[in-house]
Amino acid sequence: MIPVIADLAATAAGYVFPNDLQVHWSLMIVLYPYITGIVAGAFIVSSMYHVFRVENLKPLAGFSLLFALAFLTCATVPLLVHLGQPGRAMSMFLTPNPTSAMAGFGYFYMAYGLLLVLEIFFIYRPTLVARHQSSTGIKRLFYLALSMGSDNLSAEALRMDRKIIKFLAVIGIPMACALHGYVGFIFGGVKANPLWATPLMPVIFLLSACVSGIAGIIIAYVILMKISRREIDRGCMRTSVKFLAGFFVLNFTFEMLEVFTHGYMATSHWETLHSLLWGPLYNSYWIWQVLVLSVIPLLLMGILHLAKKRYSLVNVLAPVSALMVLLQVLFMRWNVVIGGQLMSKSGRGSVFYQPEWLEREGILLAVVIMVIPIFVLYLLGKIFPFWQDDHPSTIRGIVP
Amino acid sequence: MDEMNRLKREIDLDRRGFIRKVLSGAIGGSLLLVLPAGARLLAQQVAGADDEPELPVPEKHFAFVVNISNCIGCGACCMADKNEYQVPDGHFRTWVERYLIDDQDNVFVDSPNGGLDGFPAGRDDVTNPLRDTFFVPKLCNMCDNPSCVQVCPVGATFQSQDGFILIDEKRCVGCSYCVQACPYSVRFINPVKKTAEKCTWCYHRVRQDMLPVCVEACPSQARIFGDLGDKESEVYRLLHEPHVISVLKPDMGNKPSLHYLGLRREVT
Amino acid sequence: MQPGYKSSPKAHVVRIVLTLAVIVTASVVLRQVFLPDEFGKHGHYRPGAVEDEANRETRIRTNESCFDCHPLIKEIHVDGVHKTVMCEVCHGAYADHVKDDQVIGAMPVASGGDIKPLCVKCHNKIVQAMPPETIKLVAMPEHLEERKFRTHHICDQCHHVHAPLKWVHEAREMMGLPLERKRS
Chain V
1 MIPVIADLAA TAAGYVFPND LQVHWSLMIV LYPYITGIVA GAFIVSSMYH VFRVENLKPL
61 AGFSLLFALA FLTCATVPLL VHLGQPGRAM SMFLTPNPTS AMAGFGYFYM AYGLLLVLEI
121 FFIYRPTLVA RHQSSTGIKR LFYLALSMGS DNLSAEALRM DRKIIKFLAV IGIPMACALH
181 GYVGFIFGGV KANPLWATPL MPVIFLLSAC VSGIAGIIIA YVILMKISRR EIDRGCMRTS
241 VKFLAGFFVL NFTFEMLEVF THGYMATSHW ETLHSLLWGP LYNSYWIWQV LVLSVIPLLL
301 MGILHLAKKR YSLVNVLAPV SALMVLLQVL FMRWNVVIGG QLMSKSGRGS VFYQPEWLER
361 EGILLAVVIM VIPIFVLYLL GKIFPFWQDD HPSTIRGIVP
Chain X
1001 MDEMNRLKRE IDLDRRGFIR KVLSGAIGGS LLLVLPAGAR LLAQQVAGAD DEPELPVPEK
1061 HFAFVVNISN CIGCGACCMA DKNEYQVPDG HFRTWVERYL IDDQDNVFVD SPNGGLDGFP
1121 AGRDDVTNPL RDTFFVPKLC NMCDNPSCVQ VCPVGATFQS QDGFILIDEK RCVGCSYCVQ
1181 ACPYSVRFIN PVKKTAEKCT WCYHRVRQDM LPVCVEACPS QARIFGDLGD KESEVYRLLH
1241 EPHVISVLKP DMGNKPSLHY LGLRREVT
Chain H
2001 MQPGYKSSPK AHVVRIVLTL AVIVTASVVL RQVFLPDEFG KHGHYRPGAV EDEANRETRI
2061 RTNESCFDCH PLIKEIHVDG VHKTVMCEVC HGAYADHVKD DQVIGAMPVA SGGDIKPLCV
2121 KCHNKIVQAM PPETIKLVAM PEHLEERKFR THHICDQCHH VHAPLKWVHE AREMMGLPLE
2181 RKRS
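Protein chains in written order, with this note's numbering: chain V, 1 to 400; chain X, 1001 to 1268; chain H, 2001 to 2184.
Not one of these hints is a red herring.
With a Cα cut of at most 25 Å, we get these calculated DMTMM-like pairs of lysine to aspartate or glutamate:
(1) V:Lys58 / V:Asp233
(2) X:Lys1170 / H:Asp2037
(3) X:Lys1194 / V:Glu361
(4) H:Lys2083 / H:Asp2114
(5) H:Lys2125 / X:Glu1266
(6) H:Lys2125 / H:Asp2114
(7) H:Lys2099 / H:Asp2068
(8) H:Lys2136 / X:Asp1132
(9) H:Lys2136 / H:Asp2156
(10) H:Lys2136 / H:Glu2170
(11) X:Lys1194 / H:Glu2051
(12) X:Lys1193 / H:Glu2053
(13) H:Lys2041 / X:Asp1144
(14) H:Lys2083 / H:Glu2064
(15) H:Lys2116 / X:Asp1117
(16) V:Lys191 / X:Glu1266
(17) H:Lys2125 / X:Asp1103
(18) H:Lys2083 / X:Asp1227
(19) H:Lys2136 / X:Asp1110
(20) X:Lys1249 / V:Glu258
(21) V:Lys309 / V:Glu231
(22) X:Lys1193 / V:Glu359
(23) X:Lys1249 / X:Asp1105
(24) H:Lys2125 / H:Asp2156
(25) H:Lys2125 / H:Glu2146
(26) V:Lys309 / V:Glu55
(27) X:Lys1170 / H:Glu2051
(28) H:Lys2125 / H:Glu2142
(29) V:Lys191 / V:Glu258
These are calculated hints, taken from the structure and not from any lab test.
Build out the structure end to end from the sequences listed, making use of the hints.
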């Protein structure tokens, strides 16, 4: 359990403060902002339709919310795994420290979860009522509870629902931004760490959140369409790729801006950052995050933009570039969370970190945690139909 | 001097009244408020509270000074500290660094096993003649503006009324945020208790009128601890006379109470 | 109420609001129940934590506490240049030796070859950074060679570990040699 000093010394270079030999925030803390980002980004897709009336995204309006909810249910799992005393996690709610950038997350997370659940409830209420009426036994009770015991789908009730949906979607945008900007600030506010301490951190986190959310939905959409042998909605695909490219260009620009500014200003911290980015982080940052997973997808999305009429090409290149930027965001989280901890606060040395497959916060558990949301999404799909055509028509309204 | 003695008597006689006077500016620039160094005087924190609580260490204003030129790097402090707190291997509440600076300004720093076993050997990678060599003992900086307290999500690490930064082992959730936030890396997660841990300037010993264990163990007076309220004390003399004295990473804005006598610019 | 529906058009909204109200109330009550005693009285922390820390066991004591039972060692120790060396640095923690005025375990006493590592922790020239004005530094085996001793000699053959110059001074006195200049 306790690493032996000799082993640790072998994985360090230069002079590292004795307590810095351990990387305290592990792979789990890489996953945490990754999952939270996907949640926030997916919500933004839904709001594009509900608030900004991007009609092309209508097919994804309901699905993106369920996608967000599926990942939201798992966002705190890596945190709990990482805590030394998970049994005391409720203290975050009990005695949140007003000056701590971490204490508010519990409240942000709960508020956001509530918002998602309510939004889904109001959007899917006609479905729930219909399913309640068409089912028997325990299922009937289940749907009765889900529909809050109300069967009223009158024009008046649905009009009110639509207003509430719009309202929730509107306040959901600043909340999604706050949720992930906040996660960025957890890192951006650590003045002791020169890689983290930048006001750009929340911005970069937010933009990469939008990227990962949209990319995740594009991939899921294409896969689900292939599985159910349906036609991919061309307009929807084109628009989502457009948004993906837009957010990604912004995200990548800010990421590069941050490094460039550090290097140009060359303060006393640059030496440390330079030795990190061209040292232990070289491969994961320059090769993977920047070259392979940013420059190539940007080129691919450029080709997509030029060849927008060739749908066979779009249907292949879109999910491929989405997958690449989804991985780009994962690498970015790794490079920030782990990278930041590789430099010792002595400013004179760095450590290396390689997660094990089977340790408590290891790779296997990380994979499991990333698979759970897919399973949750499958379960949600049993209750809430993903696609508009499967609704018992929200448009026509249902009359029992 | 007489004025100070008179003040001290006044504090002893009627602390509450004295505090009010200080607050209302009746005694401008009182010696107690001028000094930024050391664990904060209790009076400042409880001023104005009508139900003034019993103060654990009344009228004491502790300061810690490390005299770099006195340190011989023997590691007695680290050993005593590890023994006092039964610190698990590989984690350090205090440690000693060796600095070797050659005439080309190359800086060689190391701290094998935190200096716990002393420094068994020289460095064979130093080829140029050395222009400066010294040891730097490290411990909690007891900041006046502590990052760890700021970031603790649950209020498990805090600044006590007598100015010590302490950890509530029963409430710490082990999130490591304080470990990330401390610019001096004095914190770690105890692998047995799974909670954060750091140097407390031996709060439990200080409360029993004992010295911190590292100060007790130091054979060469490199670690000096005392009460700034006591004008006969070594810390009072060091911090009130002209000395080359500084704190670590002053640009962090943490305002450490731990002072270093003879600190070189190379020390981080 | 419209015909054909059992519930009113606002029923679900009202029920949601009520559910939330119940949850919020329950949370507030639960918070009061689980809040640690006097939390926040002096700041955002549990005041009991200060006492917890203050009541920690003192495992290491002072040389005085050792001298209480070892007056002969005291006599030698406080007279020598090692008077600032703490007993427990070489002999281990008081708490492992005495509990409630009862001896509960033997203290390690280094002898023979185990002594040298303890000595060179402080007196080793090779460490490079030790300030010679503060501490007497020696290099081995030069220190023995200079004095024309065999190099396998152990430190405590010439130096009493509690008062390193005691025997040296005594020997010089007996032979009528001047004392080595005492370092200040």
